[in-house]
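Knowing the structure of chain A, use the given hints to seat chain B on it.
There are 2 protein chains.
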Amino acid sequence: MRTVEDHRAALLALVAPLAPVTVATAQAGGLVSAAPVVARLDLPGFDNSAMDGYAVHAADLHGPLPVRLPVIADIPAGDPRALHVPRGSAARIMTGAPLPAEADAVVPVEDTDAGVSVVEIRARVAPGRHVRRRGEDVRAGEPVVATGTVLTPGALALVAAANVTSVRAHPRPRVALFSTGDELIPLGDEPAPGQIVDSNQLMLAELVRAAGAELAHAGHLPDDAEAVRALLADPPGAPDLVLTSGGVSMGAHDTVKEVLTATGTVEFVKVAMRPGMPQGAGTLGPRGIPVVTLPGNPVSSLVSFQVFVVPLLRRLAGRAGEPMLFEARAGARWSSVGGKVEYTRVEVSGGVAVPSAGQGSHMLGALAGANALAIVPASVTQVHPGDRVLCMPLLGAEAPR
Amino acid sequence: MRTVEDHRAALLALVAPLAPVTVATAQAGGLVSAAPVVARLDLPGFDNSAMDGYAVHAADLHGPLPVRLPVIADIPAGDPRALHVPRGSAARIMTGAPLPAEADAVVPVEDTDAGVSVVEIRARVAPGRHVRRRGEDVRAGEPVVATGTVLTPGALALVAAANVTSVRAHPRPRVALFSTGDELIPLGDEPAPGQIVDSNQLMLAELVRAAGAELAHAGHLPDDAEAVRALLADPPGAPDLVLTSGGVSMGAHDTVKEVLTATGTVEFVKVAMRPGMPQGAGTLGPRGIPVVTLPGNPVSSLVSFQVFVVPLLRRLAGRAGEPMLFEARAGARWSSVGGKVEYTRVEVSGGVAVPSAGQGSHMLGALAGANALAIVPASVTQVHPGDRVLCMPLLGAEAPR
Numbered sequence: 001m002r003t004v005e006d007h008r009a010a011l012l013a014l015v016a017p018l019a020p021v022t023v024a025t026a027q028a029g030g031l032v033s034a035a036p037v038v039a040r041l042d043l044p045g046f047d048n049s050a051m052d053g054y055a056v057h058a059a060d061l062h063g064p065l066p067v068r069l070p071v072i073a074d075i076p077a078g079d080p081r082a083l084h085v086p087r088g089s090a091a092r093i094m095t096g097a098p099l100p101a102e103a104d105a106v107v108p109v110e111d112t113d114a115g116v117s118v119v120e121i122r123a124r125v126a127p128g129r130h131v132r133r134r135g136e137d138v139r140a141g142e143p144v145v146a147t148g149t150v151l152t153p154g155a156l157a158l159v160a161a162a163n164v165t166s167v168r169a170h171p172r173p174r175v176a177l178f179s180t181g182d183e184l185i186p187l188g189d190e191p192a193p194g195q196i197v198d199s200n201q202l203m204l205a206e207l208v209r210a211a212g213a214e215l216a217h218a219g220h221l222p223d224d225a226e227a228v229r230a231l232l233a234d235p236p237g238a239p240d241l242v243l244t245s246g247g248v249s250m251g252a253h254d255t256v257k258e259v260l261t262a263t264g265t266v267e268f269v270k271v272a273m274r275p276g277m278p279q280g281a282g283t284l285g286p287r288g289i290p291v292v293t294l295p296g297n298p299v300s301s302l303v304s305f306q307v308f309v310v311p312l313l314r315r316l317a318g319r320a321g322e323p324m325l326f327e328a329r330a331g332a333r334w335s336s337v338g339g340k341v342e343y344t345r346v347e348v349s350g351g352v353a354v355p356s357a358g359q360g361s362h363m364l365g366a367l368a369g370a371n372a373l374a375i376v377p378a379s380v381t382q383v384h385p386g387d388r389v390l391c392m393p394l395l396g397a398e399a400p401r
Numbered sequence: 001m002r003t004v005e006d007h008r009a010a011l012l013a014l015v016a017p018l019a020p021v022t023v024a025t026a027q028a029g030g031l032v033s034a035a036p037v038v039a040r041l042d043l044p045g046f047d048n049s050a051m052d053g054y055a056v057h058a059a060d061l062h063g064p065l066p067v068r069l070p071v072i073a074d075i076p077a078g079d080p081r082a083l084h085v086p087r088g089s090a091a092r093i094m095t096g097a098p099l100p101a102e103a104d105a106v107v108p109v110e111d112t113d114a115g116v117s118v119v120e121i122r123a124r125v126a127p128g129r130h131v132r133r134r135g136e137d138v139r140a141g142e143p144v145v146a147t148g149t150v151l152t153p154g155a156l157a158l159v160a161a162a163n164v165t166s167v168r169a170h171p172r173p174r175v176a177l178f179s180t181g182d183e184l185i186p187l188g189d190e191p192a193p194g195q196i197v198d199s200n201q202l203m204l205a206e207l208v209r210a211a212g213a214e215l216a217h218a219g220h221l222p223d224d225a226e227a228v229r230a231l232l233a234d235p236p237g238a239p240d241l242v243l244t245s246g247g248v249s250m251g252a253h254d255t256v257k258e259v260l261t262a263t264g265t266v267e268f269v270k271v272a273m274r275p276g277m278p279q280g281a282g283t284l285g286p287r288g289i290p291v292v293t294l295p296g297n298p299v300s301s302l303v304s305f306q307v308f309v310v311p312l313l314r315r316l317a318g319r320a321g322e323p324m325l326f327e328a329r330a331g332a333r334w335s336s337v338g339g340k341v342e343y344t345r346v347e348v349s350g351g352v353a354v355p356s357a358g359q360g361s362h363m364l365g366a367l368a369g370a371n372a373l374a375i376v377p378a379s380v381t382q383v384h385p386g387d388r389v390l391c392m393p394l395l396g397a398e399a400p401r
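These protein sequence lines map, in sequence, to chains A and B.
Numbering of the first sequence is given in this note's numbering, commencing with residue 1 and proceeding in unit increments.
Numbering of the second sequence is given in this note's numbering, commencing with residue 1 and proceeding in unit increments.
In isolation and in its complexed conformation, chain A is listed as follows:
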């Protein structure tokens, strides 16, 4: 049996970060930059006031206070005039408004009588005080965002402020997914004997979105080798990754496994984990589209997505490193299979992890309240209260606290 780490490495070897594209700044949220973003403007673009107040010559306030100065102008933000303030005078100025020539400091309005034609100033200021100098934050021509940066709201604010209208970034990975098995019926249909509702398609679509990827296609593969072969040779939606769920176990009717084994480009393995032992991965068709075949049990499918597909999507999207894990204390005793890594669905609260009831790989009931997977190593068969357990947050759940 392959270890989780080895299988993850085998999957990561199938993909590289997606080729960068040019994206409008307003559309780039959540993407990863693929080239430095270079400022087109100084930030600030001009010397300006950091306060609502009065632009002055600091030297005019050296004598006894208060000082009364004539107000020779009123400068709102955006004022296009090339103003100047002679010695012995002041200009009313708003936050962000251009500092007039010659003035070298701003007195906050709170330190004045807020006069309109003459202002009484009650406090001294040092030269340069409450003045933001052109370019003190960013210089035009400087890189403001490095390659490999996640374009957060703050990073995009910087890009926009520097007047950069588009960025080079790795696009969002596009995922096509297929549930398999003739026993599945669409949500809302009445199941005949032996039939079950297809919950995996919906769950995997949600996981794809929660992982920041795009759903290129969601459909169902019949238990018909010819149809499966045709769909997988040229999957719809121009996906960067194909996911299937089901049909990869030891069964005589595991069509996906049968078809993809024949292509010779997909490997089926057992991974030393529970749930999620039967795994497969490889490439499809002439374009070599990566494919991951997830087990069909809903819980196995979810765990496999978290453990294998998330790192793969991160790599496609240009994100560095593994997804974040965190440590919690076990709040209960539970046993683990041993010899395999066990992913126990847990509810973490206040740093304490307690297993949700019903850990069978087909058991969804316990999943509604879980917010993490506790990763119990293969060497452990019993988790004791107080043990430190490494946990993986569940996609789409509230951050465990």
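Please keep in mind that the hints were generated in silico from the structure rather than gathered at the bench.
Here a beta-carbon is modelled for each residue, glycine too, at the ideal position from N, C-alpha and C.
Every clue listed holds true.
Just the calculated beta-carbon pair ranges, DEER-fashion:
id : chain 1 : residue 1 : chain 2 : residue 2 : range
1  : B       : 267       : A       : 101       : 35 to 43 Å
2  : A       : 22        : B       : 390       : 37 to 45 Å
3  : A       : 127       : B       : 285       : 46 to 54 Å
4  : A       : 264       : B       : 147       : 47 to 55 Å
5  : A       : 146       : B       : 382       : 27 to 35 Å
6  : A       : 1         : B       : 322       : 37 to 45 Å
Just chain B now, with coordinates in the frame of chain A:
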């Protein structure tokens, strides 16, 4: 000056969870349930096999092994037939396929010769082994999702498996946002003297999306009282919340403040925090739409969004409690203003928080790499290396690790 906690409480008092709506299960990802979801089916819906193997009578395997049994049927998943397996015989059965009547256990294919007409069985099984009993996970009529549950991918899989096509949930809050100030120009235009690119509109739109809300409208308010009054009296996009940025300081041209002060339903206060001191909040128009007026400096605006708007959006969406904070160790020495809570932009890595360079409220340069805000209490003026600091993750950033 008001404390951050008092201002947050004042904001939360303005809103209640949005009235529940009925949402198709496939559209409910990320919403919070507003009523219990009741299963329409037993899960599993019928006794079925947990393995690919052979359905048998456990009692037939009591003698010496191996045992050879005739294979009287081949049962794929979804098989609608009402089969039964007499004593002394076996049926080949796939994972998830209905267990035939009388059979009481499944022998995994690995413990057999995989025979098609006769199977040689090499291991005993206990009655009930590898059988999933009807309803052992969930019973029809039972609640499977409690009120107030975040509808994660796993929770929705359960809802779908229980054949529930729609849920009652709080809708995603709709947010209309307006930047203000005549000095702002759209991204890509060339700034004339005194003008700056409107980066707040884009940043706030990204923050709204990253917080899981919906952007109902994004626009700009001119520095014209009449126009502002008209737009805010009946904001476009049927929003549940209106955000403005800018125009709320001490300036003579703070149009938003002037207009909203006149309505009498919006309060402008100073909050003991840096950045983000000037804050305003209240309601608009006859519908009493909540409004939050954010400061115009981009960093102040971002911090205010994280500190005040996120809790408000959580409440509207029906989420319980405050957003998650985490603790890190200071990895550098930095000073704080004292007397106010300071939100220092930091980069947290390996549990260690280091301030990004350039902490001015107008300084965006340092924001690109930050992934959290360190919350430095008002009583602290100096953070020392090794100090424990409480941190707030930045929306849209990689989870700090």
